Each structure stands twice: as structure tokens, then as C-alpha cells.
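Colleague: Sequence:
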Amino acid sequence: MAPRPIAIISGGCGGIGSGIGRTLAENGFDIIALYLSTPKARAEAVVGGFAPGQHEAVMCDIRDGNTTDAVLADILRRRGVPAACIHAAVSPIIRKSLLNLSSAELDDQFAVGFFGGFNFMRPLAKAMSAAKHGVIIGLLSRAALQPETSFGRMGGYLLAKESTEALLKDMRKELSGSSVRVNAIAASFIDTPLSDDLPREVKAFLLERMPGEKEHVEDVADAALALCSGAWKDADGAIITPSLKKIADLA
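Under our numbering, the very last position in the sequence shown is 233; numbers go up by exactly one each time.
Be careful, since some hints might not be right.
[As the list claims (entries may be wrong)] Calculated cross-link-like contacts (lysine-lysine; reagent style BS3-like; alpha-carbon spacing at most 30 Å):
id, residue 1, residue 2
1, Lys78, Lys155
2, Lys151, Lys22
3, Lys22, Lys114
4, Lys108, Lys22
5, Lys108, Lys78
6, Lys114, Lys151
7, Lys114, Lys78
8, Lys151, Lys108
9, Lys78, Lys151
[Said to hold, decoys possible] Restraint-style ranges between C-beta atoms, simulated for each label pair:
id, residue 1, residue 2, range
10, Lys155, Arg61, 25 to 31 Å
11, Lys114, Ser19, 34 to 40 Å
12, Asn48, Ser85, 37 to 43 Å
13, Gly35, Asp56, 17 to 23 Å
14, Lys155, Pro21, 24 to 30 Å
15, Asp46, Gly159, 27 to 33 Å
16, His115, Glu8, 21 to 27 Å
17, Asp216, Met41, 36 to 42 Å
Rather than coming from a laboratory, the hints here were simulated on the basis of the structure. Nothing here was measured: the structure is a model prediction, and the numbers come from that model. By construction, the Cβ of each residue, glycine as well, lies at the ideal position given by its N, Cα and C atoms.
Turn these sequences into a full structure, and let the hints guide you.
Modeller: In C-alpha cells form, the structure reads like this:
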């Protein structure tokens, strides 16, 4: 019997990351969920709740390049080259406009999403390129891509997402011809633990203002599954929404 494909997910025990892991596990993937702030027992319970498979919860501070290199090298040695690399980790949102951010706060917004994304995706992209297979997926934000969906007071978060989009674009260019696909999923506001700092009334207001169909964690997970399973091979380089509609290209 062929080995199950492996998906490595940064932020794999968070709201969206765990949702993606759960859906992929239900569809034959083994999940390696990287986590940091989640308590170990909670992280192990998250992956333990996935459909049966050889899943792992691995602590890794992707903000530190040397640490991330070591953790991923161990995973590659033990488990081989993954079929999918999904960057879902993000710093807690500092709810200020850009003009009101300090330089330290801006550094914080970039630490996990952008710099952590580079530290996480780079080693796996190199391994996938050598193996000539795999898909890399980064989670973006529709508010960064479509300003009309932005609600303000999150300037650092959006700037980090825009920079992550540029990182994915350049990574795709460098991986062209390697058979490694690069995509992004751009979601609207979804009520996850990332928004736990918002009052219930604010969440309701944001959801009411969302244009088009409301999006849920399960929609993001279904989009990730379609990309990871190869159902959308012709979508290489596309930025899509959870409603399965292409909105832009990583070009």
C-alpha cells in the first residue's frame, strides 16, 4: 500500500490551521502540525482528534530561522518530503492603523506571518524542488487584496499579508519548472481565536458587512484540500477565495 501523503502546517493547532489539518486527515493525509503558544497537551489533543493517521504536533518557533531549520530537517529525515506545506501561522493582530503603530509593533506583526513564513517555507520548498513534487500554500487576506473589504485598525497585519503575497510570488518564480505548485488562499473575516479580542457586537458587525458569501473555516479547509489533492492542478499560481473562486494570480 502506498504511503499516505504528508502535510506540514504552520499554526497547525490554531483555528484555521487545525481546520485544514482535520479536513486533510479525513481525506488520507498524515498531518504534522507545528505550534508554539498552544499548550503541549492541547496541541496533542488537536491532532489526536483528527481522523486516524500518523499525525504529529511539533513545537517550533518559526520566528527563529535556526530553530526552524533544525526542526524541519528532523521531520524531513524521519518522514520524508511532504506533499504539502501550508503556512497558516500568524501573529495576534495589533488593532491599530499604520500611522499609530510603533516600529516594535510592526516588527511583531511581521515576525510570524512574513519572516516566520520565509523560515518555514524555504527549507520545505528546497526539499520539494529536489524531489520535483509538492504544493506550497500561504494564507493571505482578502482585506489586503481587495481594500473595499478592509475594516481598518489592522494596518500592520495587512502589510505583513501583502508582503507574504510578494514572498509567494517570488517563490513561485524560483520554483518554476520544478513541478512544485505555489498557491494562496485569501479569506474574508472568519470568527476564529485570532479575533477573540473583539467584542461579540463587533464580530457581528464585521460579518454583516462582508460582501458576498460568508466564509467559514471549513471553506478554507476545502479549498486547501482541492489544492493539495491535485484537483486544481491548473490553478498553479492562483490566489483563490474559500468560495473556490480565483481572484488574482501570483505572477
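Colleague: Confirm or reject each hint.
Modeller: Here is what the structure says about each hint:
no.	hint	in the structure
1	Lys78 / Lys155	violated, 33 Å
2	Lys151 / Lys22	violated, 34 Å
3	Lys22 / Lys114	violated, 34 Å
4	Lys108 / Lys22	holds, 29 Å
5	Lys108 / Lys78	violated, 36 Å
6	Lys114 / Lys151	holds, 19 Å
7	Lys114 / Lys78	violated, 42 Å
8	Lys151 / Lys108	holds, 16 Å
9	Lys78 / Lys151	holds, 27 Å
10	Lys155 / Arg61: 25 to 31 Å	holds, 28 Å
11	Lys114 / Ser19: 34 to 40 Å	holds, 35 Å
12	Asn48 / Ser85: 37 to 43 Å	violated, 24 Å
13	Gly35 / Asp56: 17 to 23 Å	holds, 19 Å
14	Lys155 / Pro21: 24 to 30 Å	violated, 39 Å
15	Asp46 / Gly159: 27 to 33 Å	holds, 31 Å
16	His115 / Glu8: 21 to 27 Å	holds, 22 Å
17	Asp216 / Met41: 36 to 42 Å	holds, 37 Å
Of the numbered hints stated above, those contradicted by the structure are hints 1, 2, 3, 5, 7, 12 and 14, listed in ascending order.
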